[in-house]
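Asks: Add chain A to chain G, keeping to what the hints say.
Chains G and A, in that order, give the protein sequences.
The working numbering numbers the first residue of the first sequence as 1 and each following residue consecutively.
The working numbering numbers the first residue of the second sequence as 1 and each following residue consecutively.
Each hint can be trusted.
Chain G side only, calculated, beta carbon under 10 Å to chain A, not exhaustive:
#: 1; residue: R4
#: 2; residue: V5
#: 3; residue: P179
#: 4; residue: K265
#: 5; residue: T340
Cut-off 30 Å, straight-line C-alpha distance, at most; resulting in silico cross-link-like pairs (DSS-like, lysine-lysine):
#: 6; chain 1: G; residue 1: K195; chain 2: G; residue 2: K207
#: 7; chain 1: G; residue 1: K46; chain 2: G; residue 2: K190
#: 8; chain 1: G; residue 1: K183; chain 2: A; residue 2: K176
#: 9; chain 1: G; residue 1: K127; chain 2: G; residue 2: K160
#: 10; chain 1: G; residue 1: K265; chain 2: G; residue 2: K276
#: 11; chain 1: G; residue 1: K195; chain 2: G; residue 2: K231
#: 12; chain 1: G; residue 1: K160; chain 2: G; residue 2: K183
#: 13; chain 1: G; residue 1: K190; chain 2: G; residue 2: K160
#: 14; chain 1: A; residue 1: K176; chain 2: G; residue 2: K46
#: 15; chain 1: A; residue 1: K139; chain 2: G; residue 2: K183
#: 16; chain 1: G; residue 1: K195; chain 2: G; residue 2: K234
#: 17; chain 1: G; residue 1: K127; chain 2: G; residue 2: K231
#: 18; chain 1: G; residue 1: K46; chain 2: A; residue 2: K139
#: 19; chain 1: A; residue 1: K147; chain 2: G; residue 2: K46
#: 20; chain 1: G; residue 1: K292; chain 2: G; residue 2: K160
If you are wondering where the hints come from, they were derived from the structure by calculation, not from laboratory data.
All C-beta atoms in this analysis are idealised placements derived from N, C-alpha and C, irrespective of residue type, glycine included.
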Amino acid sequence: MAERVMMKGNEAVAEGAIRAGCRYFFGYPITPQNEVPEYMSRRLPKIGGVFIQAESEVSAINMVYGAGGAGGRAMTSSSSPGISLKQEGISYIATAEVPCVIVNMARGGPGLGGLTPSQSDYFQAVKGGGHGDYHLIVLAPWSVQEMVDLVGLAFDLADKYRNPAMILGDAILGQMMEPVTFKSEPIDPKDLPAKPWATVGLSGERKPNLINSLGLLPEHLESINLRLQEKYKKIAENEVRFEGTDVDDADLVVVAYGTTSRVAKSAIDQARKDGKKVGLFRPITLWPFPTKQIQELAAAGKRFLVVEMSAGQMVEDVRLAVNGEASVEFFGKLNGAIPTVEEVYREIMSRF
Amino acid sequence: MVTPRLTVIAGAYGSGKTEVAINYALRLRAKGKNVNMVDLDIVNPFFRTRDIRDYLTRQGIQVISSNEGLEAADIPALSPKIIGLLQSRDYDGVFDVGGDPAGATAMGRFNRYFQEEPYSFWVVVNPFRPDTRDAEQIKAMVQEIEKASRLQATGLIDNTNLGSATTPEDRLHGRKVLHSAAELLGLPLVWRTLSNLCPPENGEDQVPYLPLTLYMRPEWME
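Chain G extracted, bound-state conformation (with noise of 0.2 Å):
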């Protein structure tokens, strides 16, 4: 039978990734997310591992760019100002093309802010984040399952497209608890496929691999930004991930993720029982953004409600998506408090 425990969701991601084939983790301590390091503090002196207590967010984000440029599956997870902190090593890593996972158990913004959940983030993971032209690979859980679920997945894609991935979770994804099932057996990373562009050191028999972020040339840094759009594409082309609830008969269509589509989910069930076409539609991978599956949703005469835990991030990529074509609104929350389902239920309601 397959291993069921109970678990935070901070303890869930950072055993998920073991269980992945991590075994390098590189972190600086920040409330709500200083489950994952201790998590593995404890876990990875044991499985010849390494977990590194860096000084600072920028020495950890680093680390991680060694490790992974190195070939191991490496990873780092922090909250909202420390990932900020992280953002110069990030653009790094995106630019030279080092697989690796970030994990952003995201609180209240912007400055130094509070220690409650939220979703203020979305902008700074989808859209870049640091300088320059390049994109993570952003996966949104909405359990503690999809913790575990998802950060295999995101191990799984930066390898595949040796490009950075971030799990963008908030503070109380991180905290609270529920059952979860390890579906596979642990992966030994002996067996995960060979990285013939890592820098492991030379035995004479081919050209070093060379790993950096620089593009002093113009032609060179034209070319380097020509092959990252070209990855882009192809990534916004194969990997989107989403999830659909009720969509197909709804009128008005809710988009949400993480947090706050479990809230709405609440919500949906309510209204759907007093008769209302309400649906949900609830992206799993922020970038890419399932835009075509909400062009396809507005073709059909479908309205639309954003509900997010900020001022209206994710809602500008729902707009970009609809182009004008059906109506957009928008139900957000900024007091660091998660909407109630009541509250989101009225909202539904008021729209019928």
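Replies: Then chain A, alone, in the frame of chain G:
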């Protein structure tokens, strides 16, 4: 035997001790006791007793936690009211102690008051949590908490659950693990929790049920 007025509820991180402490305090209150709840969880600012302070206050339970205004901060502050409670002896005190040895360390500061009168020190265990999966692990956890808090455990609480996915077979599995842990530690099994998320298992073993209403669980959790 007279029930001691001081009850300490401890346990590994995420074992469910806050829900147990809240429900136990409400149970005492329903019996007409004057109850103070002490939120000693200085490890983690989420899912704490203080989150439902207003509700508990309306039920006639005074909640003592970090200094007011700092509830949402991760600042390990303890209220001077705790000493007041320990000295006055007019109240029953239920202590919700933070997870793991780090959280239990806060208890050490009040050690001398616990030397002066009897107390209950119950350790909440959910064998479906990582690191308390079997009797040996549970024993190690209890001993670490005892060492950090400088108090002696007086009983175990069986909080076996996998949330809404709990089956009666899971509960029976937990019961076995808890019995062998209790035997290994030489401690009684004082309560077995039962929430509306889990169906009760079959079979009697003399351990009383502590019915749980879950106050920390988000409404949108299935």
